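K.L.:
Chains as they are written, first to last, in our numbering: chain A, 1 to 139; chain B, 1 to 474.
FYI, nobody ran anything at the bench for these hints, they're computed from the structure. All values reported here derive from a predicted model rather than from experimental measurement. Built from N, CA and C at the ideal position, the CB exists for glycine as well. Take these hints with a grain of salt, some might be off.
Derived coverage of chain B by chain A (criterion: at least 3 residues anywhere in the stretch with Cβ under 8 Å from a Cβ of chain A; other residues may be distant) [claimed, not checked]:
(1) 362-376
(2) 401-411
From chain A, some residues computed to sit far from chain B (all C-beta separations above 10 Å) [claimed, not checked]:
(3) I4
(4) P27
(5) S99
(6) E113
(7) N122
(8) L137
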Amino acid sequence: MTVIAEGMNVFETSKQPSGTVHYLADPQSVIALIDSGKLRDHILLVRGGTTTFLAPALTMGAIGVITMSGAPESHLGILSREFQTPCVMTAHLTGGSGSRYVPGETDDSHFEEIVEALNGKNVKLDCSDHDVGKVVLLD
Amino acid sequence: MTIAETATSEYAKRYEPGDDGLRFQPLEYVGNFKDMEPVPDGILGDKIMRSRAKSGVLEKVTHEEVLNDQFSLDELNDLNNYLAWNIWDVLVMRATEGVSGMIPRQEYEILAFMNEFYRYPEFMRMVTDQIGAQGVIDIGESARSEIGTKINCVHDWCLGAVAFGMGRCGLLAGEWIRADDYVEESNIILKFMQRVLWGKRQDGYILNSQDRYRCKIHEPALIDQLMGQVQNFDPGSPDQHTFEQFNATAELLAFFDHYDCRLGLGDTGPYPLPDGRILIVRDLFVNEEVFHWSDVCEGLPHCYTLAVVLDPELMGLKEIRVNDISTSFTIPKNYVPHLTGGAVFVRDKWDTPMSDVYSVPLNELEPHMEKLRDSTYRMYKKTAKMSRHTLCLNGIYSYYIEMILPHLRKAGMYEEVCAKRDFWEIDQRVMNYYYEITKRNFVQVVVPQKIFSGEGYLPFSDEADLRASKYLWA
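Can you make the complete structure from the sequences, with help from the hints?
P.N.:
The structure is reproduced here in structure tokens:
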């Protein structure tokens, strides 16, 4: 079992959703994914921790979410709890440069490195711990 | 009677006088107390902050004190310091959420905060002049016997914590005002907030954090009425799944219709039930008619109210907080699998009489959910086409208009404030700040560092004049 990223676990759950990580860069890519009918094939990777960006994906059955900022108290954290959609927030890579997100002080290279490392990977989310959510590589 | 006098589960230990509560996050608050020990979140944080007050304004206050029009300088500073901690307590972790990718929320938030500080005093004075101090208290009291009302924790808290606290803090951070400016206006805002909150709670406190994060404001008769419609279910059952999905789906649109902010939802409670379970009463406002973008919500009611029944024993509940922005958090964090009962009520319009509020059985919720999902997707596609400027302006409205709208409506003065005070206009200074706030990383750095960290809430100095005003009173 290789843990490739970790972050704050929004809520404890025995659910272990798996799928290909799909980075959603803008609202158009969210709409395109929903319209493709393949929403449930993917673990969604987003930069922010706000709710609206992923709103239709959550209502239409997203199976798992990874964010690069935010906390369980953020609106996306609250809503993923309500939907019982496992969610790892402010994920960082377990390898790589060791960069960590600090609000207002983190440049784009931090996010680009995470997208590069996770996008397209087949993973499962392990959200059984009270505090730490894990992104586990399946292949 | 449906409400129990006392609760017996572990979470109930949090209500014992000597208990300091649990920590929900690892950070600590400093604020204006730089030479003192940092303050944690939660019940212990409340105790420490109140122990540092110079006046009695943070303890239970009397009707007579609330009717008094003027705070002393110590009272203003105590409220400023406590609100700064309270804001940090409820928002410091949320503030790590970064960019939205959809709505420029950090930008519209700071602009709305400052616009409220500049503009609310004239509305608040106008309302108070017309209905009197007792009338303002009565606005708060009305929430005790209603569901689906936006006279609730978050809106009432915003009157002071946002319009005074964050608005003044933002203006200080931008060096647009000085600490001893606008003292008279600050008093007007905080008095209005105190009166509404005091009238709602009726226990002498104004904030949930002062009462170990409880907001048990509803009258027993109303709780009885709600519980009379609750359908019990087993964890994992289809009924529980339906209720859980309805709650989440409506809550999401409630956030979205209010531009990704918490004004769309309102929890009260926890109300301990005689069988040991807990009731949370949750309003989800999915169609605010005053906003033009709510056209996609046509056919949905103003509010769905959920009676959410939770089994604390099943959950091993150690602490539950209904915080001052109307959101419930628990330890353990995941309360949803432990819901064992629920009911859904509909209030069609904001002024629908309580006698016309009706319940929807769980097996009839699917068409409502379908409409909620459809509205959410239509809202998304509509919003995705908007420019940054339009989104910012809409966002300002979703705070500045929304936070005082329920109180103006209840006073019967919304139309009058629109007509006589140009309610929907933005102060010209704030429109100018629109072009300033993205410079020097003001939004991305200063806002989280000053506002959500509690660092920028400068006190009024000993030389401050309670009469100091920069207003051009009409």
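K.L.:
Each of the hints needs a verdict: does it hold here or not?
P.N.:
Against the structure, the hints:
Counting residues of the segment 362-376 of chain B whose beta carbon lies closer than 8 Å to any beta carbon of chain A gives 3, which reaches the threshold of three, so the coverage claim holds. With 0 residues carrying a beta carbon less than 8 Å from a beta carbon of chain A, the segment 401-411 of chain B misses the three-residue requirement, and the given coverage is violated. Against chain B, the non-interface label of I4 (chain A) holds: every CB pair exceeds 10 Å, the least being about 21 Å. Not every CB of chain B is more than 10 Å from the CB of P27 (chain A) (nearest about 4 Å), against its label as outside the interface.
Separation of S99 (chain A) from chain B is adequate, the least Cβ-Cβ distance of about 14 Å exceeding the 10 Å criterion. Non-interface call for E113 (chain A) relative to chain B: holds, since the shortest CB-CB distance, roughly 15 Å, exceeds 10 Å. No beta-carbon of chain B comes within 10 Å of the beta-carbon of N122 (chain A); the shortest separation is about 25 Å. Against the 10 Å criterion, L137 (chain A) stays outside the reach of chain B, whose nearest CB is about 25 Å from its own CB.
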